[in-house]
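Enquirer: Residues per chain, in single letters:
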Amino acid sequence: SQTIHQWPATLVQPVGSPLSLECTVEGTSNPNLYWYRQAAGRGLQLLFYSVGIGQISSEVPQNLSASRPQDRQFILSSKKLLLSDSGFYLCAWVPTYQETQYFGPGTRLLVL
Amino acid sequence: AQSVTQLDSHVSVSEGTPVLLRCNYSSSYSPSLFWYVQHPNKGLQLLLKYTSAATLVKGINGFEAEFKKSETSFHLTKPSAHMSDAAEYFCVVSDDRAAGNKLTFGGGTRVLVKP
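Taken in sequence, the protein lines are chains A and B.
Per the working numbering, the very first residue in the first sequence carries number 1; after that it's consecutive.
Per the working numbering, the very first residue in the second sequence carries number 1; after that it's consecutive.
Simulated from the structure, these hints should not be mistaken for laboratory data.
Keep in mind that the hints are not guaranteed to be accurate.
List time: in silico DSBU-like cross-link candidates among lysine-lysine, alpha-carbon distance up to 30 Å [said to hold, decoys possible]:
#, chain 1, residue 1, chain 2, residue 2
1, B, Lys42, B, Lys102
2, B, Lys102, A, Lys79
3, B, Lys68, A, Lys79
4, B, Lys58, B, Lys68
Can you make the complete structure from the sequences, with help from the hints?
Expert: The following block contains the structure:
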């Protein structure tokens, strides 16, 4: 069966420090992958999506970046975190030729 | 462009009474529509989806939604609320013509269930 993992579950980082959040999917191949951010009390904002290895589309300008070094691995990064980067980060995947998105458990990021 | 409006940001119900969460959408094409639920500090879980088959869609945990094209609505209902239904609910539209199967989310409705 297919599963999606995110780590870490919780992260507290100082302003100006780097960031690396990882998302992996098991039990499937060539999925579409997505990174969302959910700020406190707000809806979901799509940050990046990827339809294949090395293919990244950015939805909003920001100091975050994404990479897909392997088929089932999606990484969200930053060189220098801002206070406004705090939030709940969700990874999602879509099976090939389908449209339903399935979400991971999320990473809570607090930037101080 | 597509959009989703959830008409209530908060809904409060008593346990055992019906739940109604309202959603209206706008889409240039025949959309696929979804309802997701999010419990505190958790990821989103798919409740149900409409993909141009039956207009009344049954989901998990006793929820169902009816697609009404004439009203551009996709309201979510449950006949009897349970304490475990306390969560945030998102109405979502997908335009499969868009690159990357991107979704458009409503602002969410937070449900409070009173004992």
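Enquirer: Between lysine 58/B and lysine 68/B, does the CA-CA distance stay at or below 30 Å?
Expert: Holds: lysine 58/B and lysine 68/B sit about 15 Å apart, inside 30 Å.
Enquirer: Within a Cα-Cα threshold of 30 Å, do lysine 42/B and lysine 102/B meet the stated pairing?
Expert: Distance of about 21 Å is within 30 Å: holds.
Enquirer: Is the Cα-Cα distance between lysine 68/B and lysine 79/A 30 Å or less?
Expert: violated, 47 Å
Enquirer: Going straight from one Cα to the other, do lysine 102/B and lysine 79/A come out at no more than 30 Å?
Expert: The given pair, whose Cα atoms are some 27 Å apart, holds under the 30 Å limit.
In summary, the structure is inconsistent with hint 3 from the numbered list given earlier, while agreeing with all the others.
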